[in-house]
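The listed protein sequences derive, respectively, from chains D and H. If you use the working numbering, the first sequence corresponds to residues 1 to 292, in order. If you use the working numbering, the second sequence corresponds to residues 1 to 270, in order.
Be a bit skeptical, because a hint or two may be false.
Going by beta-carbon spacing under 7 Å, a handful of chain D positions derived as facing chain H [what the hints assert, rightly or not]:
1) L167
2) A171
3) F174
4) N175
5) R180
6) L181
7) G183
8) I184
9) R185
What the hints contain is simulated information worked out from the structure, not anything from laboratory work. Ideal placement from N, C-alpha and C gives every residue a C-beta, glycine not left out.
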Amino acid sequence: MVEFLQFTLSGIVFGMIYSAIALSLVLIWRGTRLLNFAQGGMAMLTTYVAIEVIYKTHSYWAGFVIALVAGLILGAASELTVVRPTAGKPELNAVIVTIGLLILFEGLAGIFFGGQYRSFPAAFSVTGLRVNGTPLGVSRFDVFTVAAVLATTLILAVTFRYTTAGLRMRAAAFNATVARLSGIRVGRVLTVGWALAGLLGALAGVLVSPSTFLYPNSMDAIFVLGFTAAVIGGLDSPAGAVVGGLLLGVGLSYVGGYLNSDLTSLVALGVLVLVLMIRPNGLFAGARMRRV
Amino acid sequence: MSSGTNGLGPAVGSDRDGAAGGSDRDGAAGGSASLAVDGLVAGYGEVIALDGVTVMAGAGSITAVLGANGAGKTTLLRAVSGMIKARRGRILLADHDVVGRSPEQIVRAGIAHVPEGQGVIPELTVEENLRIGMMSWRRGPRAGRVAALEEEYARFKPLADRRRKPASTLSGGERQMLVIARALLARPRVLLLDEPSLGLAPRVMAQVMDLIVQLSRERGLTIVLVEQNARSALAIADHGVVLNLGRVVASADAAILATDVALRHHYLGF
Numbered sequence: 001m002v003e004f005l006q007f008t009l010s011g012i013v014f015g016m017i018y019s020a021i022a023l024s025l026v027l028i029w030r031g032t033r034l035l036n037f038a039q040g041g042m043a044m045l046t047t048y049v050a051i052e053v054i055y056k057t058h059s060y061w062a063g064f065v066i067a068l069v070a071g072l073i074l075g076a077a078s079e080l081t082v083v084r085p086t087a088g089k090p091e092l093n094a095v096i097v098t099i100g101l102l103i104l105f106e107g108l109a110g111i112f113f114g115g116q117y118r119s120f121p122a123a124f125s126v127t128g129l130r131v132n133g134t135p136l137g138v139s140r141f142d143v144f145t146v147a148a149v150l151a152t153t154l155i156l157a158v159t160f161r162y163t164t165a166g167l168r169m170r171a172a173a174f175n176a177t178v179a180r181l182s183g184i185r186v187g188r189v190l191t192v193g194w195a196l197a198g199l200l201g202a203l204a205g206v207l208v209s210p211s212t213f214l215y216p217n218s219m220d221a222i223f224v225l226g227f228t229a230a231v232i233g234g235l236d237s238p239a240g241a242v243v244g245g246l247l248l249g250v251g252l253s254y255v256g257g258y259l260n261s262d263l264t265s266l267v268a269l270g271v272l273v274l275v276l277m278i279r280p281n282g283l284f285a286g287a288r289m290r291r292v
Numbered sequence: 001m002s003s004g005t006n007g008l009g010p011a012v013g014s015d016r017d018g019a020a021g022g023s024d025r026d027g028a029a030g031g032s033a034s035l036a037v038d039g040l041v042a043g044y045g046e047v048i049a050l051d052g053v054t055v056m057a058g059a060g061s062i063t064a065v066l067g068a069n070g071a072g073k074t075t076l077l078r079a080v081s082g083m084i085k086a087r088r089g090r091i092l093l094a095d096h097d098v099v100g101r102s103p104e105q106i107v108r109a110g111i112a113h114v115p116e117g118q119g120v121i122p123e124l125t126v127e128e129n130l131r132i133g134m135m136s137w138r139r140g141p142r143a144g145r146v147a148a149l150e151e152e153y154a155r156f157k158p159l160a161d162r163r164r165k166p167a168s169t170l171s172g173g174e175r176q177m178l179v180i181a182r183a184l185l186a187r188p189r190v191l192l193l194d195e196p197s198l199g200l201a202p203r204v205m206a207q208v209m210d211l212i213v214q215l216s217r218e219r220g221l222t223i224v225l226v227e228q229n230a231r232s233a234l235a236i237a238d239h240g241v242v243l244n245l246g247r248v249v250a251s252a253d254a255a256i257l258a259t260d261v262a263l264r265h266h267y268l269g270f
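Use the sequences and the hints to build the structure in full.
This is the structure:
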């Protein structure tokens, strides 16, 4: 019973990381129908920025904040320079461009930071918490991880739903033609979307790197899991991204805990294939057709 | 049959937004402006859909653009609103050439386009759909926007009743009201309507036509109306233009066009 609790809680923690990546993918997908294959690479790069800042300033929080800012900048810069020119061209162009960005980021990281595994500090203690002597399987840092992702998600959700800027983004995502004819600068909206995706990726990166260590490919697996979570929830649905992440995180935690930790990747891929086969629009998608 | 008025003067410079003497987009109604296209050429890829079209819509008038499917009517509106790039020709808003501007700039200059069919965003509420219409406004006090919304709600009661409901719950006629109200919120001086009666029941279509006449009279809005239903369009228009295969084949007072039986049979189907 205690085991169940531990697996569930640690599954929720990792699930939140997958949710963060899934959310960043959904943000970009909704506006542009583009899957940002470079999302993991962006997160990895901003985490390297964080670690360098932390080494130089001896301040974790300086690194944390600067990583988030770097995420905003990297996201916006990617959209403006290489993704924007692919608008209106065959979709394959955009796909190739984001894969190219991924390769570029991982190559740059290798050149500037080297390929060796580096440890990344955690914001808070990583010793397991106990309640009445029962080990929970999660630490203070894990609680911080969940809180940080939830808080960011909530802030974004509130912004989208209740502000004019958020309305602009939703309008541009649902119907870019109507948006443009109403005076919305859809180009700017897209850049902001990518910037926010970069921010979410950066957050995921600094939160997960204490567990995975940091190296040029460290976010590849997380990207795949985040993508799976987004597919489970439905690529159009932010709520789905969060739920998908949690489901995947908890599910894989049970698989790893009760069966075998080597099976988790296999199961993750199996889930992805299953969802794509049975309900490709994801759990949260209505049977809504998108107007072209 | 063409009445041949081609009094298009030279364009007075190509100013950036706002300088086309438009409304200052703070919510004040902008009055009306004439719209003219001069020798407009536009198309899609290799297909030329507009082959040198010249149309004049006087300030405050209703101009009907008619013709069979594929004649270029929708392309004309799209070129004027900037959705597609004109390859040649001028688009004169009150004698200022706005050709080549983006849709975002053109709506700020004072031309609002209600495209055919699509227009309502069903996932958003009625009020959110309307607020999108004010996105071209310059920053200003919120009170102005609220007042503008209330004004549209007063005119369109069904929208007021459903303001917080998803726009997907609206009927066809109500949706048409919504997209027109949204366009009006952009405080345009020229309103382009593409097939506003499409898919509507006859009674609702009549209401929409009445609305269009009201807008022209009350607000002095210059209206360019593309319609398949030539009879209804000519009944409310001041001037009519008939397109065929991307060219203007007739341009005259609506009353004259309506009585030209040969023309009607040949191009308009009645």
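Structure-based check of each hint:
no.: 1; hint: L167; verdict: 6 Å, holds
no.: 2; hint: A171; verdict: 5 Å, holds
no.: 3; hint: F174; verdict: 5 Å, holds
no.: 4; hint: N175; verdict: 5 Å, holds
no.: 5; hint: R180; verdict: 4 Å, holds
no.: 6; hint: L181; verdict: 5 Å, holds
no.: 7; hint: G183; verdict: 3 Å, holds
no.: 8; hint: I184; verdict: 5 Å, holds
no.: 9; hint: R185; verdict: 5 Å, holds
In summary, this structure violates none of the numbered hints.
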